[in-house]
Amino acid sequence: RKEVEQDPGPFNVPEGATVAFNCTYSNSASQSFFWYRQDCRKEPKLLMSVYSSGNEDGRFTAQLNRASQYISLLIRDSKLSDSATYLCVVNRGYSTLTFGKGTMLLVSP
Amino acid sequence: DARVTQTPRDKVTEMGQEVTMRCQPILGHNTVFWYRQTMMQGLELLAYFRNRAPLDDSGMPKDRFSAEMPDATLATLKIQPSEPRDSAVYFCASGTGTVTDTQYFGPGTRLTVL
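These protein sequence lines map, in sequence, to chains A and G.
Mapping the first sequence onto this note's numbering, position 78 (from 1) lands on 194, and the numbers just tick up by one.
Mapping the second sequence onto this note's numbering, position 49 (from 1) lands on 646, and the numbers just tick up by one.
Hints are not guaranteed to be accurate.
Claimed, not checked - Derived lysine to aspartate or glutamate pairs resembling EDC-like cross-links, with alpha carbons at most 20 angstroms apart:
| no. | chain 1 | residue 1 | chain 2 | residue 2 |
| --- | --- | --- | --- | --- |
| 1 | G | Lys675 | G | Asp698 |
| 2 | G | Lys659 | G | Glu615 |
| 3 | A | Lys158 | G | Glu611 |
| 4 | G | Lys608 | G | Glu680 |
| 5 | G | Lys675 | G | Asp607 |
| 6 | A | Lys118 | G | Asp607 |
| 7 | A | Lys217 | A | Glu131 |
| 8 | G | Lys675 | G | Asp653 |
| 9 | A | Lys217 | G | Glu611 |
| 10 | A | Lys158 | G | Asp598 |
| 11 | A | Lys118 | A | Asp193 |
| 12 | A | Lys158 | G | Asp660 |
| 13 | G | Lys675 | G | Asp654 |
| 14 | A | Lys217 | A | Asp193 |
| 15 | G | Lys608 | G | Asp598 |
| 16 | G | Lys659 | G | Glu680 |
| 17 | A | Lys161 | G | Glu680 |
| 18 | A | Lys161 | G | Glu665 |
| 19 | A | Lys161 | G | Asp654 |
| 20 | A | Lys195 | A | Asp155 |
| 21 | G | Lys675 | G | Glu611 |
| 22 | A | Lys118 | A | Asp198 |
| 23 | A | Lys217 | G | Asp683 |
As the list claims (entries may be wrong) - Sample of chain G residues facing chain A (criterion: CB under 10 angstroms; computed from the structure):
| no. | residue |
| --- | --- |
| 24 | Met636 |
| 25 | Gln638 |
| 26 | Ala685 |
| 27 | Phe688 |
Just so you know, the hints here were simulated from the structure itself, not pulled from any lab data.
Note that the coordinates shown come from a computational prediction; the quantities given were computed from them, not determined experimentally.
The beta carbon of each residue, even a glycine, is placed where N, CA and C say it ideally should be.
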C-alpha cells in the first residue's frame, strides 16, 4: 500500500461548484498533515495544514480522521483560479514529508 | 519576501555528463530537502539536511547522485554521470525542522538528459 494515496482526477467542475478531494495514508504514526497546491510547471506551495478538529480558511475546509487515516479537502464556490493539482502531504517524523501524487482540479467557466 | 532560489532553472545535457544543481535556502531555515518530481512517481524525497548535516539520503541513487551543503546558504545536488532516466524536475525546499513544519519550495530545476 502506498504511504499516501489520492485519486489523480482530473475533477472537472464548473465555476461556483463545490468539490471534495480525499486522501488516505498508511502510517498510523504520522504526526501532521497538510494540503499543498501545485500550479502547472510551478513549485508546490502550502495551502493549509489539517487539524483533527477540522479547519477552515475562506472557501477551503480540511478535515482529518485519524481512526480511518483519511484526510479531506473541500472547496466551495470554485473559481477558475482554483485550477491546479492538490497534493495531500503527511509528516512521517523528523520533518520529512511524504507527498501524494496529487489530484488535478479543472474549473471551467 | 524570503524565498528559496535554485539554479539553473532549466538544464539540457547529454547522457554521461555531470550535472550540478544549486539551492539557496531561506535565511534562518535549518533543514534543506531535495526532491525529484516525475509524472510517474510524483514527488520523491532524495535527501535532506539539518544544520548542514546529511540526515537521510536513502532516496538517492548512491552510485551517481551526491548531495552536499558546503555552507548554510548553499546546497548542491550533483549527478555524475547523468542518464536519460534522471530527466525530471528537481526541487529544493527549506524549513525550520519542527513536526508541523511548512516546507518552502524553490522554483525547481527542469533537467533533460538526452
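Restraint check, 10 angstroms cut-off on beta carbons, for Gln638 (chain G) near chain A:
holds (8 angstroms)
Does the alpha-carbon distance linking Lys659 (chain G) and Glu680 (chain G) stay inside the 20 angstroms limit?
holds (14 angstroms)
Does the structure keep Lys675 (chain G) and Asp607 (chain G) at a Cα separation of 20 angstroms or less?
holds (15 angstroms)
Sort out whether Asp193 (chain A) lies within 20 angstroms of Lys217 (chain A), counting only the CA atoms.
Violated. Lys217 (chain A) to Asp193 (chain A) sits at ~25 angstroms, over the 20 angstroms cutoff.
Between Lys217 (chain A) and Glu131 (chain A), is the straight-line Cα distance small enough, at 20 angstroms or below?
violated (24 angstroms)
Would the pair Lys158 (chain A) and Asp598 (chain G) pass a check requiring their Cα atoms to be no farther apart than 20 angstroms?
holds (18 angstroms)
Just to be careful, I want the Cα atoms of Lys195 (chain A) and Asp155 (chain A) compared with a cutoff of 20 angstroms; is the pair within it?
Status holds; Cα separation ~14 angstroms.
What's the verdict on Lys217 (chain A) and Glu611 (chain G), does the C-alpha distance respect the 20 angstroms limit or exceed it?
Not OK: Lys217 (chain A) and Glu611 (chain G) at ~28 angstroms, beyond 20 angstroms, violated.
Measure nothing beyond the straight line between the CA atoms of Lys675 (chain G) and Asp654 (chain G); if it is 20 angstroms or shorter, mark the hint as holding.
holds (13 angstroms)
Need the status of pair Lys161 (chain A), Glu665 (chain G): alpha-carbon distance at most 20 angstroms?
Not satisfied, since the Cα-Cα distance of roughly 24 angstroms exceeds 20 angstroms.
Could you grab the alpha-carbon distance between Lys608 (chain G) and Asp598 (chain G) and see if it respects the 20 angstroms cut-off?
violated (26 angstroms)
Against the 20 angstroms threshold, does the CA-CA distance of Lys118 (chain A) and Asp607 (chain G) hold or violate the hint?
violated (31 angstroms)
The structure does not agree with the numbered hints 1, 3, 6, 7, 9, 11, 12, 14, 15, 17, 18, 19, 22, 26 stated previously, though it agrees with the rest.
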